[in-house]
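Participant: The lines below spell out each chain.
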Amino acid sequence: MSQSRGYAGQILEVDLNNNAFHRNELTQDFCKDYLGGIGFNAKIIYDRAPTGIDALSPENVLVFGVGTMVGSTFPTSSRTEVSAKSPMTGLFGTSNSGMFFGTQLKNAGFDALVIQGRTDKPVYLLIENGEISFHDAGRLWGKDSWETLDILRKQYPGCEAALIGPAGENLVRFACIENGYYDAWARTGLGAVMGSKNLKAVVVRGSLGITPDNVEKLIEVSWKARQLIESSPFFGPFKSYGSMNAAMPYGNFKALNALNFTEGCLPDWKEKFARPKVEELTYGHVACQSCIIACAHWVEIKEGKYKGLRMKDMEVTPTTSFGSGCGMSLEASVKAAEMSQRYGMDMVSAGGVIGMAIELFNRGIITADDVGYELAFGDDDAILHLMEDIAHRRGLGQVLAEGALRASQQYEDGEASAMHVKGLEIPMIDPRGRTSTWSFGILTNIRGGDHLRCRNPIENLRYNENKHEFQKERFGFDQKMYDALDMPDTIKSQAIDLENDTTDIAIMSRWAEDLINLFNSLGVCIRPPVEHRLGPTLLAEAYTAFTGIKITSDELMQSSERCWNLIKLFNLREGEKPEDSKFPRRFYEQEVGGKKLNEAQLQEVLRQYYVARGWEPMTGQPSEDKLRELRLSSVE
Amino acid sequence: MRKQLIVDSTKCTGCGLCQMACAIKKKRQCEPSLARIRIWRDETRGMFIPMVCQQCENPPCAAVCLMNIITKDPVNGLTIRNLDACIACRACQVACPFEASHYDYLQEAVVNCDHCQGSPECVQYCPTGALQYAPLNAVLDNGRHNEALRRICT
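Protein sequences appear in the order of chains A and B. Note that the working numbering has the first sequence beginning at 3, numbered continuously upward. Note that the working numbering has the second sequence beginning at 795, numbered continuously upward.
Please keep in mind that the hints were generated in silico from the structure rather than gathered at the bench. Be a bit skeptical, because a hint or two may be false.
[Unchecked claim] Only pairs whose alpha carbons sit at most 27 Å apart, straight line, appear in this in silico BS3-like list of lysine-lysine: (1) K598(A) / K552(A); (2) K241(A) / K272(A); (3) K219(A) / K272(A); (4) K279(A) / K805(B); (5) K469(A) / K307(A); (6) K494(A) / K226(A); (7) K226(A) / K820(B); (8) K584(A) / K552(A); (9) K482(A) / K552(A); (10) K866(B) / K797(B); (11) K219(A) / K819(B); (12) K628(A) / K34(A); (13) K797(B) / K552(A); (14) K482(A) / K494(A); (15) K866(B) / K241(A); (16) K304(A) / K820(B); (17) K805(B) / K226(A); (18) K820(B) / K219(A); (19) K226(A) / K866(B); (20) K274(A) / K597(A); (21) K494(A) / K304(A); (22) K272(A) / K226(A); (23) K819(B) / K226(A); (24) K552(A) / K494(A); (25) K279(A) / K256(A); (26) K45(A) / K34(A); (27) K584(A) / K598(A); (28) K309(A) / K805(B); (29) K219(A) / K821(B); (30) K552(A) / K819(B); (31) K469(A) / K628(A).
[Claimed, not checked] Computed beta-carbon distance windows for the label pairs: (32) N131(A) / R884(B): 33 to 43 Å; (33) N876(B) / D138(A): 47 to 57 Å; (34) N19(A) / G923(B): 26 to 36 Å; (35) R835(B) / P619(A): 44 to 54 Å; (36) N876(B) / M483(A): 53 to 63 Å; (37) G923(B) / P490(A): 18 to 28 Å; (38) E273(A) / R835(B): 28 to 38 Å; (39) D138(A) / R884(B): 30 to 40 Å; (40) V888(B) / G397(A): 34 to 44 Å.
Note that the structure is a prediction, hence the values are computed from the model and not measured. The beta-carbon is built from N, C-alpha and C at its ideal position, and this holds for glycine as well.
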């Protein structure tokens with residue numbers, strides 16, 4: 003598409019084996035079938051990555067896919083998806099991040115960046131207004147991500163960068179790719195993939211411009227979307243407290259990860275982490291490109307050991323991972339977040355693997371001789387020390403750098419303490435504390451133990467009742483909210499039972515996954531006010547206004563479903579088994595808040611979910627009919 | 795009373811919608827560097843400052859203009875340019891203390907904010923009120939400016 007509208011129009015393919023590259027023109031069919039972002043990534047990786055490769059081998063394909071709406075006035079359109087085969091799960095690895103990288107990459111001329119191969123010596127890649135160059139990264143290797151970015155920004159003012167820290171260089175399996183200073187494509191170990199390619203950074207700077215197909219229509223749809231988002235009841239709270247809003251309800255539900263999932267909440271959770279603490283530590287809000295919410299905070303620690311530390315933080319992820327998962331103080335959890343950013347490690351997996359190590363220590367399976375010091379929940383210094391050891395693969399860090407599952411297998415009965423699904427550490431939202439679409443989605447997530455790919459768009463945090471059948475959660479809203487939900491009537495009426503005030507978890511999960519996947523394709527944020535108010539009808543209008551490609555809301559959802567199915571096919575090809583979709587044993591055996599999971603019931607919900615997806619009810623294999631419907635039969 | 799584009803940097807979240815709105819209004823392009831407003835970002839110290847033409851009484855840009863094409867509009871007080879005669883020497887860019895003269899590579903001229911004929915697009919888009927269009931003395935607040943200075947200087 004030489005006269006591209008909305009899209010930049012090209013995919014950049016880089017071969018690090020011989021520092022070569024070429025540009026591929028996008029075709030309209032490809033755009034319509036896979037949209038952008040995670041859709042592009044899924045198709046490219048499915049086609050290019052040979053079956054059964056080692057995720058840390060040169061054959062692995064690392065793709066940066068910019069969401070279609072990125073770089074427009076459309077609210078919250080900032081997100082870029084990065085994917086590769088995951089060194090954590092051996093399945094599809096993928097992670098989504100916002101800020102300004104995607105806008106710059108598109109303005110530099112590319113909708114996606116595909117990286118294969120491995121260089122002999124560390125390099126960084128510079129992409130500037132359609133030009134590509136390879137640079138020696140010898141002087142950057144070993145530096146943490148903040149230092150590296152300082153140097154790069156000095157050399158290339160105004161640039162954005164995707165980069166790795168020491169953890170990525172040392173192939174810590176859950177290393178992340180940093181997106182600027184404070185954000186990251188964190189989950190599933192993509193930083194290790196980048197490190198295995200000897201690629202320190204991707205630096206982008208661009209001002210080529212993106213031409214919308216229909217400017218007036220784009221502006222109109224953007225304002226409509228904005229008014230919808232601002233009218234969501236979740237908007238006000240999110241504008242004020244961001245994702246920290248979820249911290250207290252989940253504590254009340256006993257659905258946090260507390261002390262490596264041995265508890266549902268900490269006794270002093272409220273005093274340590276509630277809203278007044280957020281206000282005490284923060285002084286302003288931070289937004290990604292074109293965002294009207296600005297959910298993140300500037301944090302400044304004014305007293306104590308970590309005095310003077312300033313960064314963007316106070317998100318629910320580091321707070322639960324380090325604060326409740328490892329029992330750290332709030333200030334130390336900010337410090338832990340800083341170290342995660344500097345070293346380039348996924349905070350969820352780092353917190354998960356450290357929580358596991360402390361539990362193994364308490365069980366007497368590992369000792370002070372193994373670690374070099376004592377470990378305990380809430381021992382801030384020891385935990386921060388251990389993080390350093392992991393990033394540099396020193397001492398016990400050498401074992402823990404392999405992630406919870408692999409590390410636990412080093413010890414007899416160690417796996418009982420590894421809180422993972424399919425090899426990826428679970429962040430929070432313990433299904434024992436809360437039966438919901440959101441917690442169930444951890445089981446069916448195509449990237450393993452994670453909560454961000456399946457959230458009921460009308461998650462109601464006011465209620466946590468289990469008086470319903472096990473496959474239902476309480477809907478808890480009125481007819482008006484029901485009517486306002488942008489969802490085809492056929493699916494809506496199956497998913498939500500207004501009369502009984504319930505939502506069907508299996509059916510809603512399928513919808514929520516496809517919806518979030520659509521957001522991740524278009525580069526729109528999934529924060530609750532956005533996910534709640536925007537649906538395929540409006541997004542189809544926005545897509546057509548921006549790109550000029552006509553698409554209906556049904557086609558849009560189908561493209562998203564196609565992507566989800568293709569990733570499932572990839573996972574099955576790479577060895578996922580039906581029995582892998584299970585929570586850690588602890589969730590079925592030990593109670594939290596007086597509840598534990600019933601395995602047979604959960605299997606039944608899973609079966610219903612497979613049916614809702616048009617997959618084989620017992621195995622979760624996409625059926626031939628479904629593949630034909632999605633025009634995926636030929637990929638088999 | 796004359797209105798001014800007033801910046802409260804303590805409210806700026808750095809979302810960049812002002813730049814996007816300006817570029818799309820003036821140039822029909824989604825390209826932040828075509829905007830006549832910029833956000834000065836200092837992520838390491840945690841602050842964003844929108845930088846835009848202050849419509850100075852005695853504009854330094856006019857003083858250095860080789861072609862003498864920058865003047866003050868006597869009616870609305872705006873700093874205006876005869877862009878047809880601009881040779882894009884960019885002396886005005888160097889002189890501006892607010893970094894608010896911008897080279898427009900599509901027009902091959904240096905431009906500044908013109909308040910969009912009394913209804914600045916950036917102000918409409920700004921989600922937090924960091925940008926306001928109001929009489930100058932209505933919004934001045936020394937406390938906020940001092941806070942901004944404290945953050946820059948520490």
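Participant: Next, verify each hint and record whether it holds.
Facilitator: For each hint, the structure was consulted:
no. : hint                          : in the structure
1   : K598(A) / K552(A)             : 48 Å, violated
2   : K241(A) / K272(A)             : 21 Å, holds
3   : K219(A) / K272(A)             : 46 Å, violated
4   : K279(A) / K805(B)             : 20 Å, holds
5   : K469(A) / K307(A)             : 47 Å, violated
6   : K494(A) / K226(A)             : 22 Å, holds
7   : K226(A) / K820(B)             : 21 Å, holds
8   : K584(A) / K552(A)             : 41 Å, violated
9   : K482(A) / K552(A)             : 30 Å, violated
10  : K866(B) / K797(B)             : 15 Å, holds
11  : K219(A) / K819(B)             : 13 Å, holds
12  : K628(A) / K34(A)              : 19 Å, holds
13  : K797(B) / K552(A)             : 43 Å, violated
14  : K482(A) / K494(A)             : 14 Å, holds
15  : K866(B) / K241(A)             : 40 Å, violated
16  : K304(A) / K820(B)             : 43 Å, violated
17  : K805(B) / K226(A)             : 24 Å, holds
18  : K820(B) / K219(A)             : 16 Å, holds
19  : K226(A) / K866(B)             : 38 Å, violated
20  : K274(A) / K597(A)             : 25 Å, holds
21  : K494(A) / K304(A)             : 49 Å, violated
22  : K272(A) / K226(A)             : 38 Å, violated
23  : K819(B) / K226(A)             : 17 Å, holds
24  : K552(A) / K494(A)             : 25 Å, holds
25  : K279(A) / K256(A)             : 20 Å, holds
26  : K45(A) / K34(A)               : 12 Å, holds
27  : K584(A) / K598(A)             : 14 Å, holds
28  : K309(A) / K805(B)             : 24 Å, holds
29  : K219(A) / K821(B)             : 16 Å, holds
30  : K552(A) / K819(B)             : 24 Å, holds
31  : K469(A) / K628(A)             : 35 Å, violated
32  : N131(A) / R884(B): 33 to 43 Å : 19 Å, violated
33  : N876(B) / D138(A): 47 to 57 Å : 48 Å, holds
34  : N19(A) / G923(B): 26 to 36 Å  : 52 Å, violated
35  : R835(B) / P619(A): 44 to 54 Å : 52 Å, holds
36  : N876(B) / M483(A): 53 to 63 Å : 56 Å, holds
37  : G923(B) / P490(A): 18 to 28 Å : 38 Å, violated
38  : E273(A) / R835(B): 28 to 38 Å : 35 Å, holds
39  : D138(A) / R884(B): 30 to 40 Å : 33 Å, holds
40  : V888(B) / G397(A): 34 to 44 Å : 55 Å, violated
Hint compliance for this structure: hints 1, 3, 5, 8, 9, 13, 15, 16, 19, 21, 22, 31, 32, 34, 37 and 40 are broken, all remaining hints hold.
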